[in-house]
Every structure is written in structure tokens, then in C-alpha cells.
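There are 2 protein chains.
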Amino acid sequence: MRIIDGGITAAKGFLATGAHIGIKKIKKDLSLLYSEQPANVAGMFTQNIVRAAPVIRNEEMVKSKKKIKGIVSISGNANACTGKKGILDNQKMAEIYAETLGISPDEVLTASTGIIGKEMPMCIIEEGVKKIVPQLKRDRQSSKEAAAGIITTDTFLKEVAVELELGGKTVTIGAMAKGSGMIQPNMATVLAFLATDAVISQELLQKALSDAVDITYNMISVDGAMSTNDMALLLANGMAENEPFTEDSEDYKRFKDAILYINQKLSIQVVHDGEGASKLIAAAVTGARTKEDARKLAKTIINDNLVKTAMYGEDANWGRILAAMGGSGGFFQPERVGIAFQNEKGYLQLMEEGHPIPFDEGKALEILAERDIIIHIYLHDGVEEAIAWGCDLGHEYIRINGEYRLRT
Amino acid sequence: MRIIDGGITAAKGFLATGAHIGIKKIKKDLSLLYSEQPANVAGMFTQNIVRAAPVIRNEEMVKSKKKIKGIVSISGNANACTGKKGILDNQKMAEIYAETLGISPDEVLTASTGIIGKEMPMCIIEEGVKKIVPQLKRDRQSSKEAAAGIITTDTFLKEVAVELELGGKTVTIGAMAKGSGMIQPNMATVLAFLATDAVISQELLQKALSDAVDITYNMISVDGAMSTNDMALLLANGMAENEPFTEDSEDYKRFKDAILYINQKLSIQVVHDGEGASKLIAAAVTGARTKEDARKLAKTIINDNLVKTAMYGEDANWGRILAAMGGSGGFFQPERVGIAFQNEKGYLQLMEEGHPIPFDEGKALEILAERDIIIHIYLHDGVEEAIAWGCDLGHEYIRINGEYRLRT
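In order, the protein sequence lines correspond to chains X and C.
Counted the way my numbering counts, the first sequence spans residues 1 to 408.
Counted the way my numbering counts, the second sequence spans residues 409 to 816.
Some hints could be false.
Computed footprint of chain C on chain X, listed as stretches where at least three residues anywhere in the stretch have a Cβ under 8 Å from a Cβ of chain C [claimed, not checked]:
| # | region |
| --- | --- |
| 1 | 47-53 |
| 2 | 328-339 |
Partner residues aside, some chain C positions facing chain X, computed with beta carbon under 8 Å [unchecked claim]:
| # | residue |
| --- | --- |
| 3 | V458 |
| 4 | G491 |
| 5 | T636 |
| 6 | G721 |
| 7 | G727 |
| 8 | H803 |
The set of hints was computed from the structure by calculation and includes no laboratory data.
Built from N, CA and C at the ideal position, the CB exists for glycine as well.
Just chain X, same shape as in the assembly (with noise of 0.2 Å):
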């Protein structure tokens, strides 16, 4: 597997593009993306009772396996929690894309995220995706533009590429996502698009996505709070022409490696850009007597807002650590437990066996002052593991989530 300069027109056959047509008030609000041929699609969606319309209508077209040329995203404007009206307006706006481009609605797919509750600005899509259809393109910049046309409080775009050889031809995949608040373990969060030229059954893309996502943008969160309209979508148009393989050849676990690959760069690149974070905290629990347990433990460690704050006040403080894993409801013995942080300053044991060790506080300020910290979790109770990846809760996260809808 290679990584490549690309987003998401990177695969053959796709063509993408994205501006502003006024929803928000000056960024971009609109995303294109378009197959030359038929594609398979995989999905995976938000758990949240609470479901955005497009997430409703595209679940629904991925569960019927037919295959898709085009997806239409637009930013600013969450169409959730917008009733039938709501529903309706997202139907109209497969309909509008579909039109332009000569082809069925049922190939189409919706996306949308912003606020919640506000009505679609029907007539500014439809004039908006009428003029932008013709600017759909397959290079560097389209895709650039494809990928700042979903972005809301994002503070820089999120793209990723790569290429494999799967059965002597080259496969490329390419993605980008949208992400950085209301961002939260346990469900697909962020918007995330990717798209492949390679030949894969639907079934087998399904898989490849689910596991992925069960990894990667199910153990992130930004702020614990699960979003109305995430999902992750793959589709694979089959353009690369290679040979079609099964779920236990080497080349699906190439191609499942690739995805994954994918997915932990965006989503890592998504508490990166976490609202108003200044540091990547990965918690890496080991030695757990169940998965279940581990990644109870790792995800609650990442979203306690006492952990979260001691963070971004670099403080050693390990007891909030201990503290928030005993309301995690995940089973450890306190008595076993060791504490460590790491980062490229060194490796630091503050807790074994249940009891702090004295340590160096300036060592615990050097470590802590870098913007990547890897808390490990040694548990000495089984085999299992499991990492979650959030971020620390500072003034900035107050700035942007106190003010986000006069902002916007």
C-alpha cells in the first residue's frame, strides 16, 4: 500500500467538486461527488435516536444494495429534526442533483450538517446545484473543494489516499471527512466519504467498512455528545477492473488493511481538530479481562471532563484517571492497575499495582506539554485491548460551543 497526494477523486471514474452558494455566510456549503459508473455502496450511521433525514433515506438505499452514482452534501444546515418537511427537502434534493446530472434519484445519496432544527433553504440548493454540476472534475483542487464543502467548525480539511495492487492491477482509494465537534464513541460519527475503483461485492465493502468503523470512528470523541447526522460511506465503482476476491483472500485483507488505514488517519485527524482542542490524547488500554471492558474504560478515560481538563491544564493529575475508570463501568481491580503516560519526551510510570510512584513533576510538565500524549492503562486482568482517541477541554471548546448558532 502506497499513500498518495489525493482526496477523494483519487480512484478512477471519480469526479467531485464543491463552493459556496449561501447557506452559511461565507465558507463553502456545498459538495458534489459523482461516479462515472454504477458504484457499490457501504454505510454505517449514527445510533442516535434522533436520525437527520439523509441519514434515514441513505440507511434505507444501502440496505437495498442497488447501486449509486452521485452523492450531494451540504454544510450548514443539519435537516434534523425538521419533521416530514425535512424529510421531503432531502428527497427534493437527490431529485435536483439527479436531474442535472441525467440520472435517477435512487442513485443519488444526501448528506447534510450543521444546525439542527432550521428549515432547508430549498430554492438556494436547487439554484446552487444547478450552477456548480458543471464545474464536477477529477483533480487535486476539485476534490480540495469537495472536501471544504462538508466542513462546519473544521479548522482544516481532512483528506486521504492511498493505492494497492489487488490482483496484479492498481486499486486506489480515496476519502475525506468532516469533523470536530459533537464527535463521540459508540456509533459512525463524522461525515466520512470514501471511494474506490476497485471490484468488491457489496457485502464484502459492508464488512470492510463496519470493521473499520468499530475501530476507528467508534472509539474517538471530541465531547461525548452523539451527533444526529454522522455516517460513513464507501463506494467501489469498479473501474480498477481487477480480478473480484473473496472475503478470505489475501487481497481482501489488503483491501480491508487499506480501509482501515484510511480511517484512522480521518479519524485521528478529527480529534486533531477537535473543537477548540490543543492535544490528541490516545488512551491505550491493556491486559483487560473482556474487549467490552477495555474499550469501556478507554473511551470514558477520553471523554472525562476532569481528565479532559487536567490535560489542558498539563497536570499529572492520574487520580482523575482512576477516578473516571471506576465510574466507567467496566470491571478492574484498583489494586492491580498501572498508569503511564508516553509521548516522544519519554515514558513516564506514575501508578503500579494501585499505588502512585513519586515522580519527576518536570518530566510529567515535559511530557504533557507536547500536543500528542498516549495514557497507558495496564490492567493485569486478561488479554484484551483496546485505544480511544479524544482530546483535552479548554476555553477555546467554551468559545466555539457557547457562541456556535449567532456564529454561524
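Could you slot chain C onto chain X? The hints should help.
Positioned in the frame of chain X, the structure of chain C alone reads:
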């Protein structure tokens, strides 16, 4: 029931005092309570797996149903995550207090709150307790000093006292509490001490306390963090000489209501003093299918960082409320939900049957500018209800928790 001016020494036979003995830099850090007569004791304790030494010891002692005569509490050191040494130090603290009073260590409960994982300064405690015991008194000043001795980041003392008639005798209940951070639903949070001169069996005393804690301390949250140290203790020394009463008596009902009233007052004071809080938010869920659904939904709303920052920003962003509900795990049907804000400035409906209602932003701002805000959630799924109390999340929380250890 009459509300009276008083604290932990309001009831007959209870003496108290508080002082600075040097565990903390400047503020009071020792709190002593003494009952002239042996008292029945009821207790509720944190559900965190990681439990401070006093929690472990007190729970055993409450279970044994033996009568007690005193409580020694220190603040500034949690004596949590301190291993076997912490257990021994805690026992030693009880012994020091008992010896100075000339009673048995088995008649002394202990409490501690503050930094986790720090060794107890036993010399300071020994010297301090011996010096301060002679100051035990039953007057208003002493109860205030005792209340001051248990607080950490609190900005005001938390005291309540009431009188009521039981079987022709006047019974008094006095109480004090501490707590402003690490407050989370689902357990007996904070340190709360209640002392009454009522004659009441240990079993009824425990029932009155347990029932009250369930709908008071267990329904408040400042930051979603579960403490290692929190407990509520209720002492009854019988010095009011009322006739004993049974569970189905009017006397028990009056007593239970008084205990509930006190715990409600104390728990709301704790939230009011939430670390960095500028607003008190109540989430009142009605029409739920089950009590458990109502509790889950109410608690999730007041714990959601996006809801909390919106309240801080005085932003009527009801979408975040609905999104938080959707991720709570509590059952509801989004298309039936009504949401309204209310306080002394008025009542404002924002959503009805799952649809947003156009509302006056000026009116919303007028309501949200106040310190107390009720968020009404109408589910129309059943008849169960629950209220949870929380606070907003603003810059002050970050300032307090980002620098905690360095300041203490």
C-alpha cells in the same frame, strides 16, 4: 416542618467545630462532629469501583448497625488510591479522634475529600485533631466552622436545618454538605452530613436516607465525573425523646419528608456552586414510558457538554437537547417530543410534536439570561417523570479544573 437558621449542630446533643490545621495552605481543612449520646447512623456511598479509605471503612460500620458518637473529616487530601497505607492512615485518624474524646474508634466515622493519590499528612492530622477537639461546641459559629472544614473548591457554605413535631415532641434536623465538582448522577455524591435528635431505628433511618438520595444527590451533575469519596451520613441520637414510630406512621412520613427537603436543598446548593457554573439548569422530563427512561433522559440532558455550553452562551439551541436525548439510551419517540424553557421571566415553547416552533429570540434570550432555567421535556409516551439538576459549562470550569492541583 419549620425551616430554622442552623447547621449541623441544630439538633440536641450535637457539637461541632472546624479549623485550619495545615493540610491545605490557608483554608479550613478539619471538621469535627460529636454526639453526646450514641447515635444510629445511616449512610449512602459512591458507586465508583475506586473507593477512598473512609468510604470503605464507613460502609462496613454502617452495615454493622452499631451506634456512633463522632465524625472526623479532613479536606485537601482524598485518601483515595493510597493503597494499604491509606486504609491504615484512615483507621489511625479515627483512633486519634476517639482517643482525644475518650471514646472507642468503633464509635468514630471518617471522611476525606481533596487530591487523590497523595499520602495523608498524619503528623499534621494528629497534632491538629488533638488541638481542635476542645473547641467542640453547640452554637451557630461552630456549625459554620464545621461546614467550612469540609469544603474544597466550594464558594459558599452549605447548611440547612429544620424542626418538626413527632409525637408531640420537637425534633430537629441539622445538616451540612460540600461539593462543587466531580458531581455525577447515579450514586450518593458529595459529602453530606445530617444530624437529628429524633428517636428512630437504624432501619428506618437508612430507608429515609436512601429514598431521599435517590432523587436528590443521584439526580444532580456538575461535570459527569464520579467521585471516589462521596457519601451521605445521617445520625440520629434520640435526644428529642419522641415516641418511636413505624414505617406506616404519620410521624415517619413527616420525618422522611423533612429528610427529603434537606437533601433537596443541599443538592441544589451543590449544583448552584458547581465549579465555574453561572447557571442552574433543571431538566424536567414528563410523560415517559418508564421511570428509568425519564431519569436517563433528564440526566443525559444536564450532562451534555453541548447543551451545557449552549446554556452558558444563552443560546436557545434546542437541537442539542434533542440530540442529547437521542443518544441517552432512554426510550422516546422524536415525533412526539415537546420542549420548553421556563423561569420567572416566562415560559417559551420551542418544539411541539417533534417540530420546531418559530419562537421569539428576544424572549428566549430574556429567559436564558437568568441564573435558573428549567428545560421541560414532554414525551407523551406514558406517565412517568424525573427531574435532574445541573449547570452550564463555561470558562470558569476550565480555569478551576485546568489548574486544580497546582493551586491546592
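- Query: Okay, which hints does this one fail, numbers in order?
  - Reply: none
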